[in-house]
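Trainee: Taken in order, these protein sequences are the chains called A and B.
Residue numbering for the first sequence follows my numbering, starting at 1 and increasing by one per position.
Residue numbering for the second sequence follows my numbering, starting at 1 and increasing by one per position.
The hints are simulated quantities; they were obtained by calculation from the structure and are not laboratory data.
Backbone N, C-alpha and C define an ideal beta-carbon position, used for all residues, glycine too.
Take these hints with a grain of salt, some might be off.
What the hints assert, rightly or not - A few chain A positions that, by computed beta-carbon distances, are all more than 10 Å from chain B:
(1) His-70
(2) Pro-133
(3) Ile-171
(4) Gly-190
(5) Ser-245
What the hints assert, rightly or not - Each pair of labels, with its calculated beta carbon distance range:
(6) A:Ser-123 <-> B:Asp-202: 48 to 58 Å
(7) B:Met-237 <-> A:Thr-108: 24 to 34 Å
(8) A:Thr-108 <-> B:Ala-85: 18 to 28 Å
(9) A:Thr-108 <-> B:Glu-74: 22 to 32 Å
(10) A:Phe-98 <-> B:Thr-259: 26 to 36 Å
(11) B:Ala-85 <-> A:Leu-103: 16 to 26 Å
(12) B:Val-328 <-> A:Thr-2: 30 to 40 Å
(13) A:Ser-123 <-> B:Arg-220: 51 to 61 Å
(14) A:Arg-212 <-> B:Pro-135: 33 to 43 Å
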Amino acid sequence: MTNHVLLNNVSHKNLRVNPTYRPGHGFDTNLARVFPHELLVLQNEYPLFFIKNRETGHFEPTALLGFSEHENLYLQDGRWDARYMPHSVERQPLLIGFQEQSLDGMPTQVPVVHIDLDHPSVSESEGMPLFLPHGGESEWLERMTPVLKAIHDGHEAIAPLSQTLVGMELIESVSLDLEFRDGSSQVLKGLYTVNESRLAALPAPALETLHRKGYLHHIYMLLASQPNLETLVERKNRALMAAAS
Amino acid sequence: MTRYGRAIREADGADPGRVLAETNGRAEPVVFRGLCSHWPLVENAADPEALERYLLAHYDGAPVTAFVGEPRNEGRIFYNDDVSALNFQQIRSRLDEVLSRIRQASAQSPAPTIYMGSMALDLCLPGMKAANSLPTHDLAATVRIWIGNRSKVAAHYDVMDNVACVCAGRRRFTLFPPDQLANLYLGPIDLTPAGQQISLVDPDDPDFERFPRYADALARSQWAELEPGDAVYIPSMWWHQVNALSEFNILINHWWRDTPEHMGAPGDVLMHALLNLRGLPKRQRDAWRCLFDHYVFDPPEDGLDHIPENSRGILGESDDDSVRQWRVILRNRLNR
Numbered sequence: 001m002t003n004h005v006l007l008n009n010v011s012h013k014n015l016r017v018n019p020t021y022r023p024g025h026g027f028d029t030n031l032a033r034v035f036p037h038e039l040l041v042l043q044n045e046y047p048l049f050f051i052k053n054r055e056t057g058h059f060e061p062t063a064l065l066g067f068s069e070h071e072n073l074y075l076q077d078g079r080w081d082a083r084y085m086p087h088s089v090e091r092q093p094l095l096i097g098f099q100e101q102s103l104d105g106m107p108t109q110v111p112v113v114h115i116d117l118d119h120p121s122v123s124e125s126e127g128m129p130l131f132l133p134h135g136g137e138s139e140w141l142e143r144m145t146p147v148l149k150a151i152h153d154g155h156e157a158i159a160p161l162s163q164t165l166v167g168m169e170l171i172e173s174v175s176l177d178l179e180f181r182d183g184s185s186q187v188l189k190g191l192y193t194v195n196e197s198r199l200a201a202l203p204a205p206a207l208e209t210l211h212r213k214g215y216l217h218h219i220y221m222l223l224a225s226q227p228n229l230e231t232l233v234e235r236k237n238r239a240l241m242a243a244a245s
Numbered sequence: 001m002t003r004y005g006r007a008i009r010e011a012d013g014a015d016p017g018r019v020l021a022e023t024n025g026r027a028e029p030v031v032f033r034g035l036c037s038h039w040p041l042v043e044n045a046a047d048p049e050a051l052e053r054y055l056l057a058h059y060d061g062a063p064v065t066a067f068v069g070e071p072r073n074e075g076r077i078f079y080n081d082d083v084s085a086l087n088f089q090q091i092r093s094r095l096d097e098v099l100s101r102i103r104q105a106s107a108q109s110p111a112p113t114i115y116m117g118s119m120a121l122d123l124c125l126p127g128m129k130a131a132n133s134l135p136t137h138d139l140a141a142t143v144r145i146w147i148g149n150r151s152k153v154a155a156h157y158d159v160m161d162n163v164a165c166v167c168a169g170r171r172r173f174t175l176f177p178p179d180q181l182a183n184l185y186l187g188p189i190d191l192t193p194a195g196q197q198i199s200l201v202d203p204d205d206p207d208f209e210r211f212p213r214y215a216d217a218l219a220r221s222q223w224a225e226l227e228p229g230d231a232v233y234i235p236s237m238w239w240h241q242v243n244a245l246s247e248f249n250i251l252i253n254h255w256w257r258d259t260p261e262h263m264g265a266p267g268d269v270l271m272h273a274l275l276n277l278r279g280l281p282k283r284q285r286d287a288w289r290c291l292f293d294h295y296v297f298d299p300p301e302d303g304l305d306h307i308p309e310n311s312r313g314i315l316g317e318s319d320d321d322s323v324r325q326w327r328v329i330l331r332n333r334l335n336r
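Build out the structure end to end from the sequences listed, making use of the hints.
Mentor: Following this line, the structure appears as structure tokens:
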């Protein structure tokens, strides 16, 4: 359940945020939405793919965190076991909402900070305060402002990236055949990546277009992240062994 | 109704090409008759259909904000009975919808109020600006268009200097010098129809028992009724009440502020003072009044002579770079 409300320093003056990176604390997902601007730092930690947004039809970059719907293999003894956390994880329990304001007579959607009051990390007793004693922004909240801004900007970058890659027929679906140490196996569908041979066959003007828009960089970050799939399988194997012992 | 005060002084033969530059810095209001008679909008002023066609030919579909009020408000853009909410609805609309609502309202009696105020011409009707506004020279100016049926906006101030040009319909402007604020019975600062506090007196039917000092404000008022093509200069900070008197009114105004870009909004200082000065004991407030007078409101000419120029810091001349540091310091201090 979620309960999203506009964050304000009166009703929420006593709220604190204490993210607990254990199963059952609001981070139980095997996919984390990621944004083009963070692919560089993510490619060293997570297997990166695209998933198709059924509503918009766009292919959105995604980090794979586990192999079944609620499996997050980066939750490790209460901490997030990676050097870099995707912004979409880091921002929780905050999110961006929109408020219509009239600027110069034009109705304009202005991004504002919302909070999910039902997120398990939110309480009045534990963790980092959201506000200073007189209503100013706490250090944590100030740190989240650029994260939320980056997410907002990142959202707007996804549609043009997806349209360009689809237009060049570079996106292909992948099906992952996985085998784990306990002998179980799994087929994971619904993920997409970039077809390397079609990329290699692109004529020079198309490559230049990709390069100028910064998309060539994004593509190579995605491709370079593939070895992390092995590491993720290893995480799963370790979890299986730990559970068995 | 008896008119109090006096008519705004009228200037003859102003040159529309230079009027903003020549008006900049003047302390008193001025009316310029026929200043904009040559604008295409004004030439069509008597023909609402032609006006509508002209506007829509330049409209590119940008969303607009409009105020819609119930007929019983009689055009007053104001508050509800206990001043706990505004008496109109703010809607997201389009120019064509605003125009058709005005057209429909003209067939109704009493009519609802439709008021699209302060829309940036650059954003809404960019192609219309060249032929329907005054040259703004190198002043940092913004040009706005106001379209609506009958309306009355209570006295309020704007921080910027203003030359407002009536393009269609008749408009009555009633101006009060800045020092009349106590006589205008101003409303709240944080809930306002359009950003500034307004007079709570109903100018068409003033209740002198509740608002006795309003008579003093009227005695000091200056007013003018403008026809299409006429313009008025409203100096920064002069209280102005504006009545749009026709079924279809268009106004284009020019706002500018002849101060360095790095200077922020003076209203922020007032808000800060309300929070941090007003609650002090009187003797402390009196001391702060001395400081403000000395440094801000009435600094003696030789007040800084005893400090070497390089050591004057924020007391000395400010420029973009020096203000940057202080803005950050102030911002950090406010975050507590």
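Trainee: Please go over all the hints and tell whether each is borne out by the structure.
Mentor: Verification of the hints:
Every CB of chain B lies more than 10 Å from the CB of His-70 (chain A), the least distance being 39 Å, so the non-interface label holds. Its beta-carbon lying about 7 Å from the closest one in chain B, Pro-133 (chain A) breaks the requirement of being farther than 10 Å from that chain. Listed as outside the interface, Ile-171 (chain A) is consistent with that label: its C-beta sits roughly 33 Å from the nearest C-beta of chain B, beyond the 10 Å cut-off. Interface exclusion of Gly-190 (chain A) from chain B stands, the closest Cβ pair being 37 Å apart, more than 10 Å.
In this structure Ser-245 (chain A) is separated from chain B by more than 10 Å, as the shortest Cβ-Cβ distance comes to about 51 Å. A hinted range of 48 to 58 Å for the beta carbons of Ser-123 (chain A) and Asp-202 (chain B) is consistent with their spacing of about 51 Å. Our hint of 24 to 34 Å for Met-237 (chain B) and Thr-108 (chain A) holds, since their Cβ atoms are close to 28 Å apart. The hinted window of 18 to 28 Å between Thr-108 (chain A) and Ala-85 (chain B) holds, with their beta carbons roughly 23 Å apart.
With their beta carbons about 31 Å apart, Thr-108 (chain A) and Glu-74 (chain B) fall inside the hinted range of 22 to 32 Å. For Phe-98 (chain A) and Thr-259 (chain B), the Cβ-Cβ distance of about 33 Å falls inside the hinted range of 26 to 36 Å, so the restraint holds. The given range of 16 to 26 Å is respected by Ala-85 (chain B) and Leu-103 (chain A), whose C-beta atoms sit roughly 22 Å from each other. Hint check: Val-328 (chain B) to Thr-2 (chain A), Cβ distance near 36 Å, so the stated range 30 to 40 Å holds.
Between Ser-123 (chain A) and Arg-220 (chain B), the C-beta spacing of about 59 Å keeps the proposed range 51 to 61 Å intact. The supplied range of 33 to 43 Å is met by Arg-212 (chain A) and Pro-135 (chain B), whose beta-carbon atoms lie about 40 Å from each other.
In summary, the structure is inconsistent with hint 2 from the numbered list given earlier, while agreeing with all the others.
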